[in-house]
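A.B. asks: The residues making up each chain are set out below.
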Amino acid sequence: MSFHSIKKEKSTVNRSIKTVLDLNIGQSGNIVEIKGGRGVNQRLSDLGLTIGTEITILNKSPFTGPVILRVRGSSLVLGRGIAGKIYIRY
Amino acid sequence: MKTNYKKIRVALAGNANVGKSIIFNYLTGLHQHIGNWPGKTVEKAVGSVYFKGFEIEIIDLPGIYSLSTYSIEEIISREFLLTEEPDIIINVVDGSILERNLLFTLQLMELELPMIMLINQIDIANEKGIRINFTKLESKLEIPVIPTIATRGIGFTKLLEKIVEIALKKDGVVHKKISYGQELEFQLERLQDAIKNSRILSSYPKRWVAFKILEEDELVLDLIQREKEKPSRKFNKDKENLNKETEIIPLSKSIIETLEEFHGHSCGELITSEKFGKINQICRDVQQIEAIQKISLRDLLDKVFLHPVLGYLLLIGIVLCLLYGVFFFGDLTSNYLLNCCENLRPDFNQIFGKGKLSEILWSSFEGFMGGITIALPYILPFYFILGVLEDSGYITRVAYLMDRFMHIIGLHGKAFIPCMLGIGCNVPGCLGCRIMERQRDRTLAIFVITLIPCTAQSIIIFALIGNYLGFHWVIILFVFILFLIMILGNLTSKILPGEPMGLIMEMVTLRKPNLKVVLLQTWFRLKEFLVIALPLIIVGSILLKILELTELLGILNKLLLPVTVGLLNLPEEIGTALIVGITRKELAVVLLGSLFGTSDLATVLNPIQMIVFALVTTFYFPCLATIAALKRELKWRKTLLILASELSLALVLGAIVSRILFVIW
Ligand SMILES: Nc1nc2c(ncn2[C@@H]2O[C@H](COP(=O)(O)OP(=O)(O)OP(=O)(O)O)[C@@H](O)[C@H]2O)c(=O)[nH]1
Ligand SMILES: [Mg+2]
Numbered sequence: 001m002s003f004h005s006i007k008k009e010k011s012t013v014n015r016s017i018k019t020v021l022d023l024n025i026g027q028s029g030n031i032v033e034i035k036g037g038r039g040v041n042q043r044l045s046d047l048g049l050t051i052g053t054e055i056t057i058l059n060k061s062p063f064t065g066p067v068i069l070r071v072r073g074s075s076l077v078l079g080r081g082i083a084g085k086i087y088i089r090y
Numbered sequence: 091m092k093t094n095y096k097k098i099r100v101a102l103a104g105n106a107n108v109g110k111s112i113i114f115n116y117l118t119g120l121h122q123h124i125g126n127w128p129g130k131t132v133e134k135a136v137g138s139v140y141f142k143g144f145e146i147e148i149i150d151l152p153g154i155y156s157l158s159t160y161s162i163e164e165i166i167s168r169e170f171l172l173t174e175e176p177d178i179i180i181n182v183v184d185g186s187i188l189e190r191n192l193l194f195t196l197q198l199m200e201l202e203l204p205m206i207m208l209i210n211q212i213d214i215a216n217e218k219g220i221r222i223n224f225t226k227l228e229s230k231l232e233i234p235v236i237p238t239i240a241t242r243g244i245g246f247t248k249l250l251e252k253i254v255e256i257a258l259k260k261d262g263v264v265h266k267k268i269s270y271g272q273e274l275e276f277q278l279e280r281l282q283d284a285i286k287n288s289r290i291l292s293s294y295p296k297r298w299v300a301f302k303i304l305e306e307d308e309l310v311l312d313l314i315q316r317e318k319e320k321p322s323r324k325f326n327k328d329k330e331n332l333n334k335e336t337e338i339i340p341l342s343k344s345i346i347e348t349l350e351e352f353h354g355h356s357c358g359e360l361i362t363s364e365k366f367g368k369i370n371q372i373c374r375d376v377q378q379i380e381a382i383q384k385i386s387l388r389d390l391l392d393k394v395f396l397h398p399v400l401g402y403l404l405l406i407g408i409v410l411c412l413l414y415g416v417f418f419f420g421d422l423t424s425n426y427l428l429n430c431c432e433n434l435r436p437d438f439n440q441i442f443g444k445g446k447l448s449e450i451l452w453s454s455f456e457g458f459m460g461g462i463t464i465a466l467p468y469i470l471p472f473y474f475i476l477g478v479l480e481d482s483g484y485i486t487r488v489a490y491l492m493d494r495f496m497h498i499i500g501l502h503g504k505a506f507i508p509c510m511l512g513i514g515c516n517v518p519g520c521l522g523c524r525i526m527e528r529q530r531d532r533t534l535a536i537f538v539i540t541l542i543p544c545t546a547q548s549i550i551i552f553a554l555i556g557n558y559l560g561f562h563w564v565i566i567l568f569v570f571i572l573f574l575i576m577i578l579g580n581l582t583s584k585i586l587p588g589e590p591m592g593l594i595m596e597m598v599t600l601r602k603p604n605l606k607v608v609l610l611q612t613w614f615r616l617k618e619f620l621v622i623a624l625p626l627i628i629v630g631s632i633l634l635k636i637l638e639l640t641e642l643l644g645i646l647n648k649l650l651l652p653v654t655v656g657l658l659n660l661p662e663e664i665g666t667a668l669i670v671g672i673t674r675k676e677l678a679v680v681l682l683g684s685l686f687g688t689s690d691l692a693t694v695l696n697p698i699q700m701i702v703f704a705l706v707t708t709f710y711f712p713c714l715a716t717i718a719a720l721k722r723e724l725k726w727r728k729t730l731l732i733l734a735s736e737l738s739l740a741l742v743l744g745a746i747v748s749r750i751l752f753v754i755w
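Chains as they are written, first to last, in the numbering used here: chain A, 1 to 90; chain B, 91 to 755.
Among the hints, a few may not be true.
What the hints assert, rightly or not - Facing chain A, a subset of chain B residues (Cβ under 7 Å, in silico): (1) Tyr155; (2) Ser156; (3) Arg190; (4) Gly358; (5) Thr362; (6) His397; (7) Pro398; (8) Asp493; (9) Ile498; (10) His502; (11) Gly592; (12) Leu600.
Unchecked claim - Cβ-Cβ distance ranges computed for the label pairs, FRET-style: (13) A:Gly52 / B:Leu733: 48 to 56 Å; (14) A:Ile17 / B:Leu400: 33 to 41 Å; (15) B:Ile565 / A:Gly52: 49 to 57 Å.
Just so you know, the hints here were simulated from the structure itself, not pulled from any lab data.
Don't be surprised by glycine CBs; every beta carbon is placed ideally from N, CA and C.
Just chain B, with the same shape it has in the complex (with noise of 0.2 Å):
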């Protein structure tokens, strides 16, 4: 580390979606996710650039759209900034729709802290013919204004200059003070002065804190209410103070009650509306829109993906696409890469001879080639064509669409973006559920997704069902599980109490992919699986080929017995698979072929059996990692309901497809 830096905190905060992330990652070198759709850096990420003898400290924050408490994202955003205060505050704005991101902007200005504002995005905001007056912006908010675009690295230079020149400044800056109509102002007086007095709510902003109480902001309320409640133990000394406190409450009662009885609406939806008046002032002064007169190609594309009929066809035939493109390049190149390692065979025993060490030495090896050989060719293409769907805006259309089905399942259409997430892995996915309002919705939509068949997991359906019975196998057996979902999301939905919520959410604008930002995300998810997964394949295959050399492999097959053999008709070493592969779901069908000793699988399962393998596997336990997301996101309770009930729901799911294909098959 250089320690002879002096150190800035900057925070990037603004808008969902308006580019922090990728402003980060050029800065930082970090690579936090990027993608064209609202809400996707759920916690706050930290990284360093140095400048001009200086380390500057970059945080990014995940989007929000006030600073309210209504969503998880809003509440960690505004603790950080409240209780860390950063030296400046980076608002990144999207320039194509300034005038809804200006009102976060005004909030932050409430915070009195230095601030910087880039306008992103000016590329997309000159498409579609709107030109920002920045000189005339700057001095109307009083805060530096820098263009940028983020794509490509314009203004960033500007950036760093800037927030250098603002620590250098030896006297605070002035903070401008935008008032709003005069009774407004006649009431956030009052409250400032009674504010003035109280202990705890005088180290915030004032005014800030004035608005948030005539919002009735929960958690700066519950700051007045435990102020109220701490003085009263050593009760002498503050007794002048207890009285300046108690005032607050009903004096703010009392205000928020005169101003609602005039206005008809809620305190806050009267300082919002009070913002955007100005807002819009000030737009007009800054802001020239001309209407484009062609239809650009934007639209054209809009209409056809939201289109009632087209869009859905245009659907199902992106996904059929999707899963046939990875079929069929996965089980060419993973054929091919296997027959390659068949070959080595002879050779490596010509080196190493066929002692227990050497058996141990290939296992290894066959490990490392089978994540390679089974996993690569399938996760390759399926995060490209993610990230394309992603960056392209395609994923929040695809919302839209689906927000009706979304509705069996009581949850509505943006929770369709974490599961899409999930399946790619279900660890993003349980994270992304963040962007559900409510805990009821975030619970439901992480059960959703612990039962959707990740990559790994499709890759025992591909490589298992897809190589031996065909092609229509998976997709039957994907509608299948489809299917077993949509009932199972219902009938979770009844029994938890709280009505849903309904669907709020951005519509992104539509965009050229960015193949760097495409190949730079697919790399980083590739990465995640070739450090987790492939060393974790690896010693799983060690492991056992040790277990099988000193025959405990036998005996814990035999423990299982009832449950491999007994209930589910799978043949006895079965069990050591099923017990591996609660690690990763892949390791289970790498393995398979080691312990059965032969890589044609189609000589010791039968059909019926590898079907059953396949939905036993998909459903019995999540892997570790999803079990470690769970319990961060829902505690432990729910993380063991969930395991419990998914452990039954697959062995009866088992034992009855069993029976069942026996008789018709």
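Bound conformation, chain A alone (with noise of 0.2 Å):
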């Protein structure tokens, strides 16, 4: 996905554009940006979470609690300061 198009969506389709915490359980998206640094971003995507790769939520905790979601056949804990910086279009 090009620099481009990505600006684009971002200006025009803004609705469809969420975190993961937005998601509920059972829900999937294609990740377009994760805004966590570079370390951060870094070990996401050695984990297979790169932009563009669907994921799936598979389990949530309420309030503060982590987000479990699958991704490339694993799954993954992510606690909820990470999962709000990943953001999702579905």
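Each chain sits in its own coordinate frame; assemble them with the hints.
C.D. replies: Okay, here's the thing in structure tokens:
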């Protein structure tokens, strides 16, 4: 995906872009951007979370707890803070 | 040693929790820690197996997700692979998560060493409806692929044969180059040309270095920097080289800029993205996934384990059962054993008479029995249950549930795993903190773990408080300790500089615990106790007896009088117990009997003193082994800081509690 097309999406179809935290259990979406900073972004992409990847929410604990999501056949637990920095289009 | 054997060095490398250590154990007969959670192996281990005239040296490496330098494990594994260049890399892959695992495989291929790929856990993969075409994968990657089920030892003979086959091959292996997008390839090519002329860098695989430069890998950039600075001394000769060297940095900067501008993401992410694109293609060709219709028991259990209400209730239930089970079982068996021991006394006296030597002999026997009767009944069931929790994968569910509570002490859920190990023994707990990514989090977690009562410490609480004051006092004490740890952790996290890192953890597949693995694990942990702690306890008892007979004991106790009697309101004999307790915590309570000359401690200690004694021994010092582990992980300055603050904490706490309880009792 090129830089150009991401920019366009953000401005025109803003409504359908949310963070992982906005998804409910069972919902899926594709990653459009990760705003975790260098180290965190690299780590997440090593674990399979790259731009365009499809993820599914498996579990979500209420209030301040973490989120479990399925990505590339594995399950990942992400803390609230990090999950909120992953932007999704669905 | 068998000297005429030819040596081959092979390294086990792969993602966390794929089964490297279980394979290592199987082949070498050694006993690396096995469990179902990511990050058990924190240091490389070496063992050997002899096969067809070869000595195959096997190296077990920490599991990592990438050859970057994000965590200690990654640095350790990568250092080994790059600098020690094993003859063959065995890439262990989890067949049930092929796609994610292949990223690391592609990275390993860039190291241009001979490779074998083991697709492990195919039993689990099949259960999940995943079928892999191994021959197809083999031809796609041009690496030998062997399916294995490590828990049942399936596929290992094939592996050994393959290792020997590769070792016998005269001509080196060809390395398949996986090519990516056109423009990335073009830029990689440019960088590789520049690297060719660099002296240090050209000793590494060029394509790999090119990737690392684009990813702005700190260690590789460091290398370039160092090389740039070095030739300046013998200026003239290397002038030409110098120019080449200095070219790399600006060149890479401009390439990175172009790529990032075009894609809008960091080069590192771009590269990983490209690799996953390739992997996706491969997986579509070699892997078939049938959707499984019926809800499996695994999913059902996970629903309960992770449920926002049921999950916590279950967790509390398990903890209570664990405590009560260990207490009940321990109490029953240790009383029985103690009685047997007491009954031996008259016979003993008859044989050995009543001299000084006989007394020393008896006390060594008493120490031995004390170790066996007090420690074993508590340690054995605890380690068994811990083994079950670990091998089933429940422990990562606990980390998920505990995440929010761990934030109170400025950590995240993953830190709960080393904490749980710390309840068994603080030493593996401290080492286990390496799964924390940041130094700040590691320091904090290690500090918290030294406060956690380990089994040896809990024995004091069970044997003293449980036995004389009842089980409910055990619970009260544990809850109190828990609160204290939370407060202290919270305060410390505010003092330590830096932000806590968020939780990123792989949730492992729930498994039926393997009885053999659990029993072996329990046995090895128990053996550690028998080999290390028991001799210490016996020597300690003998020394104590000698001190007592030479009346040095009295002097020692007198010296500690201001602390024991003055500050803590404890009887003066306890001074010695506190001193010997530094070597091993349970020693303190094992020796209490002989210190006071009675096995009924209720006659010499009142309830308040028992509680104060239990609290003080919990906090005043970590045992010697833990101090050694602290020094290794944190160096002296932080270690001494921790020791000093814990000692003062214990004394202040003891003084306050003894006075408050005295008023309200
Ligand atoms: N069912 C099944 N379980 C397996 C297989 N191989 C390994 N396991 C289990 O997988 C878990 C992890 O095994 P380990 O050998 O500790 O994994 P590791 O790769 O050394 O993990 P780290 O040291 O954490 O990187 C254990 O619970 C094993 O019992 C297999 O082929 N089948
Ligand atoms: Mg291991």
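A.B. asks: Hint by hint, say whether it matches the structure.
C.D. replies: These are the hints, each one checked on the structure:
no. : hint                           : in the structure
1   : Tyr155                         : 5 Å, holds
2   : Ser156                         : 4 Å, holds
3   : Arg190                         : 5 Å, holds
4   : Gly358                         : 5 Å, holds
5   : Thr362                         : 4 Å, holds
6   : His397                         : 9 Å, violated
7   : Pro398                         : 5 Å, holds
8   : Asp493                         : 5 Å, holds
9   : Ile498                         : 11 Å, violated
10  : His502                         : 6 Å, holds
11  : Gly592                         : 4 Å, holds
12  : Leu600                         : 10 Å, violated
13  : A:Gly52 / B:Leu733: 48 to 56 Å : 51 Å, holds
14  : A:Ile17 / B:Leu400: 33 to 41 Å : 34 Å, holds
15  : B:Ile565 / A:Gly52: 49 to 57 Å : 52 Å, holds
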